[in-house]
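J.: Residue-level listing of the chains:
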Amino acid sequence: MATLKTPVVKRSLFSWIFYQNARLQILLVFIIFAVVFARVLPLEMQKRIVNEAINLGKIDLLLYYCGIYLASVITAAVLKYGINILETLIAQRATAHMRKALYHHILTLPLNFFRNTQPGAVVNALINEMTVPGNFVGMSVAAPLSNLLTLLAFAGYLIWLNPLLACVSLSIYPIVLLLLPLLQRKVNKTNKKRVDQSRRVSSRIAESVTGIHEIQGNGAFGIEGRKFDTMIDKLLKIRIIWSLYRFGIKSMNNFFTSLGPFLVFILGGYLTIKGQLELGALVAFLSAQEKLYDPWKELIEFYQVYQEGRVNYDRTMELFDVAPEHLLTSEDRDSYDLENSIEVKNLSFITDDGIRLLDDINFSLDPGEHMALVGFSGSGKSTLALCVGQLYKYSSGHATIGGKEVSDLTKEDMVRNIGFISQAPFIFQGTIRDNLLYAVSAANSSSNNGGEGREPSLDDMISGLQQSGLFIDVLRFGLNTVIHKGRLPELVDAILRIRRNFKAEYGEELSKWVEFYTEDKYLYYSGISNNLIFGTSNTEAFTASRLASNDYFMKFLNDADLTRPLLTLGAELTVQTVDILKNLPPDELFFEQSPIGLLELNTYKEVAGQLKKKKLHQLGREPRRKLLELALRFAPGRHKMAALPGLLETLILEGRSMFHDLILKDDPDAISFFQMDEYIHSQTILNNILFGKTKSANPEVQEKINQSIIQLLIEEELLETIVEIGMSYEVGTKGDKLSGGQRQKLAIARALLKHPKILIMDEATSALDNKSQSRIQKLLEHRWKGKNTVIAVVHRLDIIKGYNKVAVMKAGKIVEMGSYIELIEKKGTLYELEYGKK
Amino acid sequence: MNSNTEKNESGEFSEFQVNLNLLRDIDFFSGLPLDALKVFAYLCTQEVFMPGQYLFHQNDDDGSAYYVISGTTTLCYAEETGEAEVRDYREETFFGSLSILTNMHRLFSLKAKTEVRCMVISRQKFQKAIGQFPGLMPRIIKTIANRITRWEKQFILDHAGNWPDCRDHIGISLI
Chain U
1 MATLKTPVVK
11 RSLFSWIFYQ
21 NARLQILLVF
31 IIFAVVFARV
41 LPLEMQKRIV
51 NEAINLGKID
61 LLLYYCGIYL
71 ASVITAAVLK
81 YGINILETLI
91 AQRATAHMRK
101 ALYHHILTLP
111 LNFFRNTQPG
121 AVVNALINEM
131 TVPGNFVGMS
141 VAAPLSNLLT
151 LLAFAGYLIW
161 LNPLLACVSL
171 SIYPIVLLLL
181 PLLQRKVNKT
191 NKKRVDQSRR
201 VSSRIAESVT
211 GIHEIQGNGA
221 FGIEGRKFDT
231 MIDKLLKIRI
241 IWSLYRFGIK
251 SMNNFFTSLG
261 PFLVFILGGY
271 LTIKGQLELG
281 ALVAFLSAQE
291 KLYDPWKELI
301 EFYQVYQEGR
311 VNYDRTMELF
321 DVAPEHLLTS
331 EDRDSYDLEN
341 SIEVKNLSFI
351 TDDGIRLLDD
361 INFSLDPGEH
371 MALVGFSGSG
381 KSTLALCVGQ
391 LYKYSSGHAT
401 IGGKEVSDLT
411 KEDMVRNIGF
421 ISQAPFIFQG
431 TIRDNLLYAV
441 SAANSSSNNG
451 GEGREPSLDD
461 MISGLQQSGL
471 FIDVLRFGLN
481 TVIHKGRLPE
491 LVDAILRIRR
501 NFKAEYGEEL
511 SKWVEFYTED
521 KYLYYSGISN
531 NLIFGTSNTE
541 AFTASRLASN
551 DYFMKFLNDA
561 DLTRPLLTLG
571 AELTVQTVDI
581 LKNLPPDELF
591 FEQSPIGLLE
601 LNTYKEVAGQ
611 LKKKKLHQLG
621 REPRRKLLEL
631 ALRFAPGRHK
641 MAALPGLLET
651 LILEGRSMFH
661 DLILKDDPDA
671 ISFFQMDEYI
681 HSQTILNNIL
691 FGKTKSANPE
701 VQEKINQSII
711 QLLIEEELLE
721 TIVEIGMSYE
731 VGTKGDKLSG
741 GQRQKLAIAR
751 ALLKHPKILI
761 MDEATSALDN
771 KSQSRIQKLL
781 EHRWKGKNTV
791 IAVVHRLDII
801 KGYNKVAVMK
811 AGKIVEMGSY
821 IELIEKKGTL
831 YELEYGKK
Chain B
1 MNSNTEKNES
11 GEFSEFQVNL
21 NLLRDIDFFS
31 GLPLDALKVF
41 AYLCTQEVFM
51 PGQYLFHQND
61 DDGSAYYVIS
71 GTTTLCYAEE
81 TGEAEVRDYR
91 EETFFGSLSI
101 LTNMHRLFSL
111 KAKTEVRCMV
121 ISRQKFQKAI
131 GQFPGLMPRI
141 IKTIANRITR
151 WEKQFILDHA
161 GNWPDCRDHI
171 GISLI
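Chains U and B, in that order, give the protein sequences. All letters in the first sequence, in the order written, are residues 1 to 838 by our numbering. All letters in the second sequence, in the order written, are residues 1 to 175 by our numbering.
FYI, nobody ran anything at the bench for these hints, they're computed from the structure. There may be inaccurate statements among the hints.
Straight-line distance between alpha carbons at most 25 Å, and here's what the computed DSS-like set of lysine-lysine pairs gives [claimed, not checked]:
1) U:605 <-> B:128
2) B:38 <-> U:605
3) U:555 <-> U:615
4) U:826 <-> U:805
5) B:128 <-> U:734
6) U:192 <-> U:250
7) U:345 <-> U:404
8) U:695 <-> U:503
9) U:234 <-> U:186
10) B:38 <-> U:695
11) U:612 <-> B:38
12) U:582 <-> B:128
13) U:345 <-> U:411
14) U:695 <-> B:113
15) U:613 <-> B:38
16) U:737 <-> B:128
17) U:704 <-> B:113
18) B:38 <-> U:582
19) U:512 <-> B:113
20) U:411 <-> U:787
Okay, the calculated beta carbon distance ranges per label pair [claimed, not checked]:
21) U:833 <-> B:147: 27 to 33 Å
22) B:147 <-> U:376: 27 to 33 Å
23) U:784 <-> B:103: 24 to 30 Å
24) B:80 <-> U:463: 29 to 35 Å
25) U:486 <-> B:137: 54 to 60 Å
26) B:31 <-> U:359: 49 to 55 Å
27) U:821 <-> B:60: 25 to 31 Å
28) U:579 <-> B:171: 44 to 50 Å
Virtual Cβ for every residue (Gly too), placed ideally from N, Cα, C.
Please work from the sequences and hints to get the whole structure.
T.: The structure is reproduced here in structure tokens:
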């Protein structure tokens, strides 16, 4: 498509009319001609029915004309429906095309652009403001053509009926045409304001959602609320004025068109009385004139949609009318496979406000050399790295990679040769695997990369995970997966084998930290319901959330003398937990150790309120059910606000064997009891291997358990299988189900997996613990040095000793450069940074 | 103190109540209002460390504060030649108030000598909770300032004999 060459922001609204919709539009034109004909025909029939059939009293003619009348009405209706379908189709397709083109354009805009543009503005532009322009495109051929044709046909017919009468009744329309643009100008002006204000409101919403932690942390509900309210009030005012003008146009139009019949009655009536006009002609004239309204009204509406669409479209495109700084691909060559030497000469970077962030930078790196950039924050080290990586466009001087100027390279060249790990890496919603493959897939999907791209194998991915230190985390995600009944039978069998080996080899040693499922012992890290049932429910009725509504189970609790003590426990839990949590913000962190979930707090606040006024036996059915529900969840190992009375513990253990006998008698298939040789399908792989639960969240303990499990998994050759399962872990929006360290490790793994010739790291290991940091440092030193070039912005000086060059930056300049030892011996700025000022 | 935790295992006192009582005894927390103490007591967890196990490692940022409920711990310092034991800490000691206030890497390691039971609060939890009680931070800063001054005063008194040796290294209360 030739039109694609013009950037979307430069295209006019009209260019979309035939873009990928030409066939549909032409089809529309044909249908429209048919419709107009089918619309005019009844008028002629009407006249003939009155003048010929009725006047002459011919029944057969009456039937004949009525038949034609009916047929054309039906045809018109069916075709009109067809037109609507086509219009909608074209409108929706056009909107989708516009959105896609604009989105693709926005993705390529320079980073600088996004500093001044809020995500909300982009969302608003793509979702809201493209709708009306799309509608315009849908109507652009059909509406003017069909309505103008109909209008002309009726007007011609009127003139043919009675030229004088026609001229008088048509004289209204020029007046409307004169007034319309005047009003429309006002509408457009307010509409522009509306577009701008909607954008501001959207930006504000997106900003507050992003900063919700800060708002809730500071309790700034009032401040944010007021800011938003003011903006909405302003939008309200603009929208009201806008609507008033728009309805003004409609009312003005209605008023003038309804003057039509008035003129016809006055003049036509006079002419008929005087005998200069047949009655049939007057009737035909009146109804033909009435038929002018609809097409006219639709034309006016079309005009309004056109104006609104134009304003929305232009205003939006203006906002994004920024040229990308670099070409995405080159038309006439494959992407370069560059030599990985870097040379920077007299490079400066000056912001739009004239601030010199980088000033006359010079350095060169041979292939495989590693350079660390150090300096105080604000010294420009990140900016320099981003300039070399083409994410910022330097203002003057040169930066070359393999002898080619960076600013002349395409994005595709950069992607093929460079890996980038940013300070605050972004992790996208999806699985670990999706994120891991992100950089490789992006590099492979560009069309002309010389065909060297291939999907990394499972081994590649696992080695990436190991190198970045994410392996154990992913293994853990895998171990925390629940395998549903009937799935992966071989794995289930193997896990049962591992369970037996674990018990035999580590059971003794780890019993301090693991609570094994033992039939005659109380489980402090499982809820009371699990302690009673001691198994997994095979029916809906005995699942944890349903127990308190299960009459059979309630009767059992009564028989086991458990109802009253559990109610008392539930009451204590409610009062204590509500008392502790009542003033805390709804943050998941505060609810980790609470039996009451974040969303239930309000319900239990009410129950706590009732408990203050009433005795337990006075409570209604529902609050009692709530108390039981809470008590049944209570696991003293995790919920520390109440203690489990010794007597209750004994009663529950007795209850366990009572329930066992009872359910085997009444419904033997309802429960799969915890047994050493049965897989527990409601619990994680980890709990299945342990055949119990871990008691401690302490990292060292976790590590110990991990090590023993890894050993067993290796013996069964299952380690990779579990890691593969772990790679399907969903990381949440922006990866927020991962810790900061895990996010950074994932970003490192995804860059390593690509194995780039040049790696740029912008404080890439700042969130990592010492061990992971030094592991990555070792990897770079031993495997990468001499082969892959590295530029690393570094905040901690203890990791720079292995770099070939260290460049120390201060206020946008490199003040000294050399190996670590040289610089320390020189006792200059690096020495100062390391040991403080003497 | 010991009897409390024993009882907790068999179910007489809740861990929350035990924690609350302990916090009232800790300098760092003792001056805070009950509402805040309850939240902290709830957010604390109790951990058991086996002999030889580390509570935290030198150079790591574990981001937690520890109160030793029972058992003995050893403070260690890793040098090029190996790990040197600095001294032992017995029960009722509170470690790491600074590391729940800000990111910091440990200058020492702490190792369990006997079986050790600790009450632990993490920086993340502490900071989220402290954000809910705006008046608390100034009090905590005051407590820490007092502690540093008291510590140095004691140090000077204790070392009055070797004055010339320490003269170059004192003055931490002047930060």
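J.: Could you grab the alpha-carbon distance between residue 38 of chain B and residue 582 of chain U and see if it respects the 25 Å cut-off?
T.: Holds, because 11 Å separates the two Cα atoms, which is no more than 25 Å.
J.: Would you say the C-beta atoms of residue 833 of chain U and residue 147 of chain B sit inside 27 to 33 Å of each other?
T.: holds, 31 Å
J.: Holds or violated: the 44 to 50 Å window for the beta-carbon distance between residue 579 of chain U and residue 171 of chain B?
T.: Holds, at about 46 Å.
J.: CA of residue 582 of chain U to CA of residue 128 of chain B, is that 25 Å or under?
T.: holds, 15 Å
J.: Regarding the pair residue 826 of chain U and residue 805 of chain U, is the alpha-carbon distance no greater than 25 Å?
T.: Satisfied, since the Cα-Cα distance of roughly 14 Å is no more than 25 Å.
J.: That 25 to 31 Å hint for residue 821 of chain U and residue 60 of chain B (C-beta), does it hold up?
T.: holds, 27 Å
J.: Holds or violated: are the alpha carbons of residue 38 of chain B and residue 605 of chain U at most 25 Å from each other?
T.: holds, 17 Å
J.: Evaluate the given range 29 to 35 Å for the C-beta pair formed by residue 80 of chain B and residue 463 of chain U.
T.: holds, 33 Å
J.: Holds or violated: residue 695 of chain U with residue 503 of chain U, Cα cutoff 25 Å?
T.: The hint holds at about 16 Å.
J.: For a C-alpha distance cap of 25 Å, please report whether residue 695 of chain U and residue 113 of chain B respect it.
T.: holds, 21 Å
J.: Quick one, are residue 411 of chain U and residue 787 of chain U close enough, alpha carbons at most 25 Å?
T.: holds, 23 Å
J.: Residue 555 of chain U and residue 615 of chain U were given as a pair; does the straight-line alpha-carbon distance stay at or below 25 Å?
T.: Given that 25 Å is the threshold and the Cα spacing comes to 22 Å, the pair holds.
Of the numbered hints listed earlier, not one is contradicted by the structure.
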